[in-house]
Amino acid sequence: MSNLATKIQEVRQEKLRQAPVQQTVVVKRRATITLGEKVLLIVFALFLLIGAINIIANSFQTYQTNVEIQKMEKEIQTQKQVNNDLHVQVEELSKPERIWEKAKELGLKLDENKVRNVQD
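Quick note on my numbering: the sequence shown kicks off at 903 and runs consecutively.
No wet-lab data here; the hints were simulated from the structure.
Predicted model only: the values in this text are computed from it and were never measured.
Where hints are given, some of them may not hold.
Unchecked claim - Below, simulated DSBU-like cross-link-like pairs (lysine-lysine); rule was C-alpha separation at most 30 Å, straight line: (1) Lys1016 to Lys997; (2) Lys930 to Lys940; (3) Lys930 to Lys909.
As the list claims (entries may be wrong) - Label-pair restraints from in silico Cβ distances: (4) Thr980 to Ile944: 48 to 58 Å; (5) Leu937 to Lys976: 52 to 62 Å; (6) Ile955 to Thr980: 31 to 41 Å; (7) Gln981 to Leu951: 44 to 54 Å; (8) Ile944 to Gln972: 16 to 26 Å; (9) Lys982 to Leu942: 55 to 65 Å; (10) Leu906 to Arg931: 47 to 57 Å; (11) Ser961 to Glu993: 40 to 50 Å; (12) Gln983 to Glu1014: 37 to 47 Å; (13) Gln972 to Val992: 29 to 39 Å.
Using N, Cα and C, we set each Cβ at its ideal position, and we do this for glycine too.
Working from the sequences, and respecting the hints, build out all of it.
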């Protein structure tokens, strides 16, 4: 009988070997992002985008203002040069020698008895 018992035991072991072993598979679930978290991410991204656009717009506006300031400074320099040229011209035209020459050309003459000095 022992032979029969060993055969039965061998048959059982063979069945166990042939039987598919069911392994417990651990399914790892990724944490899902909730609707509230999605909304918060979208709002954060929008604020970030609006901030970036605002910074770029301010930088561009500053650049444009600097360009206008440089143009105005150039115009001021040009006008100062024109004013200096006109001032030099006024000084040249108001010299007493030139005035005396113009007076002679127009037929005027200097009478020493009628000249008076005016003091400041």
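Right, here's what the structure says about each hint:
1. Restraint check for Lys1016 and Lys997: the C-alpha separation of about 21 Å stays at or below 30 Å, so the hint holds.
2. For the proposed pair Lys930 and Lys940, the alpha carbon gap of about 22 Å is at most 30 Å, so the pair holds.
3. Only pairs whose Cα atoms come within 30 Å are accepted, and Lys930 paired with Lys909 is rejected, the gap being roughly 43 Å.
4. Look at Thr980 against Ile944: about 54 Å separates their beta carbons, and that is inside 48 to 58 Å.
5. For Leu937 and Lys976, the hinted distance range of 52 to 62 Å is satisfied, since their beta carbons lie about 59 Å from each other.
6. With their beta carbons about 38 Å apart, Ile955 and Thr980 fall inside the hinted range of 31 to 41 Å.
7. Distance hint for Gln981 and Leu951: a CB-CB separation of about 45 Å, consistent with the stated range 44 to 54 Å.
8. Restraint check, Ile944 to Gln972: a C-beta distance of roughly 42 Å breaks the suggested window 16 to 26 Å.
9. Distance hint check for Lys982 and Leu942: the Cβ-Cβ separation is about 59 Å, which falls inside the suggested range of 55 to 65 Å.
10. About 51 Å separates the C-beta atoms of Leu906 and Arg931, a value consistent with the hinted range of 47 to 57 Å.
11. Taking 40 to 50 Å as the suggested C-beta distance range, the pair Ser961 and Glu993 conforms, at roughly 48 Å.
12. Gln983 and Glu1014 have their C-beta atoms about 43 Å apart, which keeps the hinted 37 to 47 Å range intact.
13. Gln972 and Val992 have their C-beta atoms about 30 Å apart, which keeps the hinted 29 to 39 Å range intact.
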